[in-house]
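Visitor: This is what each chain is made of:
There are 2 protein chains.
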Amino acid sequence: MSNAEVLPLLGPAADQGVTPCCPPLTERPMTAEEAETAARMFKALGDPVRLRLFSAVASHEGGEACVCDISDVGVSQPTVSHHLKKLKEAGLLTSERRGTWVYYRVEPSVLAAMGRLLVPSAAA
Amino acid sequence: MSNAEVLPLLGPAADQGVTPCCPPLTERPMTAEEAETAARMFKALGDPVRLRLFSAVASHEGGEACVCDISDVGVSQPTVSHHLKKLKEAGLLTSERRGTWVYYRVEPSVLAAMGRLLVPSAAA
DNA sequence: TAGCTGGTTCGACATGTGTCAACATAGACG
DNA sequence: CGTCTATGTTGACACATGTCGAACCAGCTA
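Protein sequences appear in the order of chains E and X.
Per the UniProt record's numbering, the first sequence starts with residue 1, numbered consecutively.
Per the UniProt record's numbering, the second sequence starts with residue 1, numbered consecutively.
FYI, nobody ran anything at the bench for these hints, they're computed from the structure.
Using N, Cα and C, we set each Cβ at its ideal position, and we do this for glycine too.
Mixed in with the good hints, there may be bad ones.
Computed spacing ranges between beta-carbons, pair by pair [claimed, not checked]:
id : chain 1 : residue 1 : chain 2 : residue 2 : range
1  : E       : C68       : X       : W101      : 54 to 60 Å
2  : E       : P78       : X       : T100      : 50 to 56 Å
3  : E       : R28       : X       : A32       : 35 to 41 Å
4  : E       : E89       : X       : E89       : 25 to 31 Å
5  : X       : T31       : E       : W101      : 23 to 29 Å
6  : E       : R97       : X       : S81       : 45 to 51 Å
7  : X       : D72       : E       : C66       : 21 to 27 Å
Build the full structure now, drawing on both the sequences and the hints.
Guide: Written as structure tokens, this is what we have:
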């Protein structure tokens, strides 16, 4: 799966990192479509193992980490791979193979978009 | 169920609304316990119906809303009640009966704690 | 070519989750 | 008291999800 196929949570101007998918939760009731889109992000982080994996990547130096650096979360290696794939499908991570190892990297604009959903004062 | 039974996502100083359950996701890898706690929040918002209900309450004037005001989300009434209970168990909402109607209210400090998880720059 | 290591995919299973119809409960109002 | 309306609870069901072992693929090294 290429990384370009999955980036569901940003608006058309996602490249500039300024257009969240939806207004803050407290601004107005979300539409069904907005909720569908945003729920996919929250769902991706709604598992303890995925949250640890994501945090491990996000806090790693350079914002990227090899699978081998973060796979010590108490589940089998196929399960780690499964969860990383889920995070990738949610648009939260991208992956790249460099030689023997595969590196995962956070998608900063998506993270910021999620933050804006929750913290109205952080909006422009 | 009383409201006091469920407030899983804030630290000991939750009353002051200043102690999130966990550091920002990008600061350091989360521990298993932190991830367990935080994942419960994200999971609660990881369903489109719950997200719409939560957004409806959060955006309602006064930060609270009667069930009758927000139950138009395309699912049956028992399902609405079920989802509101989930949001309550996650500590995101509290409820109070006033006469005939039941009012739900957002827990602002929990919302802010979630925001801090995602937006490191918003931390103190 | 063969073998080794890191990572993903497959197949199967148990558990969790969203949903509804039916029933139960809490107040209001007569 | 009885009845009506507004919510919550129960039970059942279909479906999604987390997990693992086994098999598979990609690149390195000999």
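Visitor: Next step is simple, just say for each hint if it's right about the structure.
Guide: Going down the list of hints, with the structure as the test:
no., hint, result
1, E:C68 - X:W101: 54 to 60 Å, "holds (56 Å)"
2, E:P78 - X:T100: 50 to 56 Å, "holds (53 Å)"
3, E:R28 - X:A32: 35 to 41 Å, "holds (37 Å)"
4, E:E89 - X:E89: 25 to 31 Å, "holds (27 Å)"
5, X:T31 - E:W101: 23 to 29 Å, "holds (25 Å)"
6, E:R97 - X:S81: 45 to 51 Å, "holds (48 Å)"
7, X:D72 - E:C66: 21 to 27 Å, "violated (48 Å)"
Consistency note: the structure conflicts with earlier hint 7 alone.
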